[in-house]
Amino acid sequence: MAETERARLRLAVVGHTNTGKTSLLRTLTRDADFGVVRDSPGTTRHVQGARLLVEGQPAVELFDTPGMEDGMALLDYLDQLAQHAGTRLDGPERIRRFLDTPESQRRFEQEARVLRQLLDCDAGLYVVDARDPVLAKHRDELAILAACGRPLLPVLNFVRSPQQRCAAWREALARLGLHASVEFDSVAPALDGEAQLYDKLALLLDGYSGLLRTLKDDIATQRERRRHDALLLIAELLVDAAAWHLATAVDEESLRNATAALRDKLRRREGRCVKALLKLYRFRTADFPQHALPLEGERWGMDLFHPQALKSVGVHVGKGVAAGAMAGATIDAFTAGMSLGAAALAGAAIGGLWQGADRLGKRLLGRVRGYRELGADDAVLRLLGLRQLDLLAALERRGHAAQEGIELPRDAGAMWLDAAGGAAAAALRKGRLPEEITLARSQPQWSTLSDDYENTPERRRAIAALARHLGDVPS
4 MAETERARLR LAVVGHTNTG KTSLLRTLTR DADFGVVRDS PGTTRHVQGA
54 RLLVEGQPAV ELFDTPGMED GMALLDYLDQ LAQHAGTRLD GPERIRRFLD
104 TPESQRRFEQ EARVLRQLLD CDAGLYVVDA RDPVLAKHRD ELAILAACGR
154 PLLPVLNFVR SPQQRCAAWR EALARLGLHA SVEFDSVAPA LDGEAQLYDK
204 LALLLDGYSG LLRTLKDDIA TQRERRRHDA LLLIAELLVD AAAWHLATAV
254 DEESLRNATA ALRDKLRRRE GRCVKALLKL YRFRTADFPQ HALPLEGERW
304 GMDLFHPQAL KSVGVHVGKG VAAGAMAGAT IDAFTAGMSL GAAALAGAAI
354 GGLWQGADRL GKRLLGRVRG YRELGADDAV LRLLGLRQLD LLAALERRGH
404 AAQEGIELPR DAGAMWLDAA GGAAAAALRK GRLPEEITLA RSQPQWSTLS
454 DDYENTPERR RAIAALARHL GDVPS
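Its first residue numbered 4, the sequence shown is counted upward by one per residue in our numbering.
No lab work stands behind these hints, which were simulated from the structure alone.
This structure is a prediction, so every number in the text was calculated from the model and none was measured.
Heads up, a few of these hints could be off.
[Stated by the list, open to error] Mimicking DSS-like on lysine-lysine, the simulated pairs with C-alpha atoms at most 27 Å apart in a straight line are:
{"#": "1", "residue 1": "K140", "residue 2": "K203"}
{"#": "2", "residue 1": "K268", "residue 2": "K282"}
{"#": "3", "residue 1": "K278", "residue 2": "K268"}
{"#": "4", "residue 1": "K203", "residue 2": "K219"}
{"#": "5", "residue 1": "K140", "residue 2": "K268"}
{"#": "6", "residue 1": "K282", "residue 2": "K219"}
The whole structure should be built from the sequences, with the hints applied where relevant.
See below:
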């Protein structure tokens, strides 16, 4: 970046105690572990800093300051100092005179830390708990902060609360000459909340407008990249689940054991996807209490004769299949109840495999020996996809200051439908499953759950295509 180290934009985050200053920094930095957040005043006692990076270079420095606790008494003290000065002082000089007094180390120690930091910064973000009524102490705090001679941008926090008083706060701020403010809920920020904040800052700080525009564009790029990567994670989960099959005998005990194994594997695979999504969005596993996927359906059948399944291992209508049909006459003796036509087709497939690969032949031999393959039912795949899309929508809406656990709606897919318009979610609910999922059913080697897993180019293309289908991810 062209700016020097000192030219980096420095912002002091200031305000009354317990208004969400640390919460704001957690969300802006996407760091849920920054500082200490408690529902009690005076949690932050010292100045703490954080940096926002653009292309690996520091762009903005943010400083979390202690809450101002006794602004009314401090304003009276500043007036007394001005009277004893014997000359008219401007705002910044009044503040500096105060910082040189013993009281700045005693009674007003917290306020002094705030004012020193603001004087050392280019501007301040004055954080307001929009649920609080406008009181005289707030007006006095703003008068003191304004005396520092730095631009102030009021940030109305917790605006999604039913108890918010945004209109009253905007009116009070305007009466104090602060006509520019921004709403930013640190617990549940709007998707464009950061962009609005930096746009408002650019109006106050013309010299940094280019830097703030670059930061805003970088944030938008990172957001799109996170969504792109998240949809790839979800698409891979669905391909893994659709492609995985478990061979089992057809007696009751074998079926029961295979069903339990199938459900356990899919739950574990979903859990890995959940953890990866949380990590991608820089949240903790504890933010989303694990709920077991209510698997209630398994799917019989191998999708063995899907044309693409045969094609992928070199079986085409032609000489190879004809030779396979000849072998089918021998295999027919071991079909254990399969029809003659099905046995002949199985033999044709195996004959073709002898010319190319043996993966499908192993599955066929298992079938003619009385085994079947168990896989996830369509309803399970739909639920897997809808749950992950809902989680993605929740993560995109969640601020890193949030303390409550993530809860998904009972109506699977509802959150994603509301957030993204969700044509894909609507299709997952009721329509035909995406073609890539249907294809994956016939490609058991595509599943990371399989001992024969292969990350083929075809698998990667299918995952990318499914991700685009789920969220219109650009190629």
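Tested hints:
Restraint check for K140 and K203: satisfied, since their Cα atoms lie roughly 25 Å apart, inside the 27 Å limit. Between K268 and K282 the alpha-carbon distance is near 21 Å, which keeps this suggested pair within the 27 Å criterion. Distance hint between K278 and K268 is fulfilled; the C-alpha atoms sit about 15 Å from each other, no more than 27 Å. Among the hinted pairs, K203 with K219 is consistent with the structure: their alpha-carbon atoms are about 12 Å apart, no more than 27 Å.
As the CA atoms of K140 and K268 are separated by approximately 59 Å, the hinted pair breaks the 27 Å bound. A C-alpha spacing of about 23 Å is found between K282 and K219, which places the hinted pair at or below 27 Å, so the restraint holds.
In terms of the numbered hints stated before, the structure departs from hint 5 and from no other.
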